[in-house]
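Novice: The lines below spell out each chain.
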Amino acid sequence: MSDQLKLVVDRIKCDGRGLCAELLPELIRLDDWGYPIVDSGNVPKHLLPLAQRAVEDCPVLAVTLRRAEVKR
Amino acid sequence: MPDTLLWYTTRGAGAVTLILLSSVVVLGILSALRVQTARWPRFLTTGLHRNLALMTLVFLALHIVTAVVDPFTHLGWAAALIPFSSYYRTLWLGLGVISFELLLAIAVTSLLRGYLGHNTWRAIHWLTYAAWPVGVIHGLGTGTDTWSAWMLAITAACVAAVGVAIILRLTTGSTDPLASARATFRTAVDRREVR
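Note that the protein sequences, when read in sequence, are chains A and B.
Residue numbers for the first sequence follow my numbering, so the first one is 49 and each next one is one higher.
Residue numbers for the second sequence follow my numbering, so the first one is 200 and each next one is one higher.
Keep in mind the hints are simulated off the structure, nothing from the lab.
This one's a predicted model, so the numbers in the text were calculated from it and none came from an experiment.
All C-beta atoms, glycine included, are put in the ideal place defined by N, C-alpha and C.
In silico lysine to aspartate or glutamate, DMTMM-like type, Cα no more than 25 Å apart, as pairs: (1) Lys61(A) x Glu392(B); (2) Lys61(A) x Asp105(A); (3) Lys61(A) x Asp389(B); (4) Lys61(A) x Asp79(A); (5) Lys61(A) x Glu117(A); (6) Lys61(A) x Asp375(B); (7) Lys61(A) x Asp80(A); (8) Lys93(A) x Glu70(A); (9) Lys54(A) x Asp79(A).
Between beta-carbon pairs, the in silico distance windows are: (10) Ala116(A) x Leu303(B): 30 to 40 Å; (11) Lys93(A) x His273(B): 53 to 63 Å; (12) Gly211(B) x Lys93(A): 37 to 47 Å; (13) Tyr207(B) x Arg114(A): 46 to 56 Å; (14) Val358(B) x Val108(A): 28 to 38 Å.
Build out the structure end to end from the sequences listed, making use of the hints.
Specialist: Put into C-alpha cells, the structure is as follows:
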C-alpha cells in the first residue's frame, strides 16, 4: 500500500509550539515539555485533511506527511 | 459609474486595509509569543492571521485599483507599481507603493513557505516591520480623511495595538520551553567545531 501516509516530526526543527496536537489530537499528543508524540501508524483516510492542515500550519515546518514504506 | 464612487471606495478601502493589516500584525506577534487560553487555541491565532492577511490583500487591491481607475487623479498603472513615479503626491504615494510591494512579497513567500524553507521565509516575513509603518505613514501623509476625528481614532487605535504587541514581544524572553537546554547544547557543539 504505497498510498498510505505517515506523520513525521523533524525533532531538530520542532520548537514545541503545539499547533499540531491541537489540530490532530487523534494522532498527536504533547509530552510534558510541549513536544509532540506522534502515532507511528498510517494516517487514516478520514484524518488526512487534518493531518495536511497540521503540516501546513506548523510554524517551523517540522511536520511532514511521508509515504509509508512498502514491505515486500 | 460616478467618479465620486471610485474616490470614496479608495478612501474606504484604505482605512479598512489599515485596520485589517494592523490586526494581522498583532495576530502574527501573538502567534510568535505562543499566546493561548482555554478558549483561544494557538491554531486559531495562526488561522486568523493567515485568513485576515489574505483579506487585507483583497482590500489593498481594491484601494489601489480604484485609485488608479479614478479619472480625477490620472495616476496610471506605473504610479501604482513603481515607487515615487507618480506626479501626484510623489512621496506619499511612493511610500504606499513600497508598503504594498513589501506586503505582496511577504504574502507570496508565505504561500510558498514549504518550498522556500523556514529560514528564508522568516527573513522575508520580518519585512512586515518595515511594510506596516511605511503603510501607516502613507495614510497619514496623503489620506483625505486623516485629520477627521474618526480616522484619527482608527489610526491611533491601530498604532497603539501594534505598539503594545511589539513592546510585549521585545520584553518577553524566549517562549521555547527548552530554550536554555538548546542554548547549552549549541554552545557545546560550537566549542567542538572550533577545536
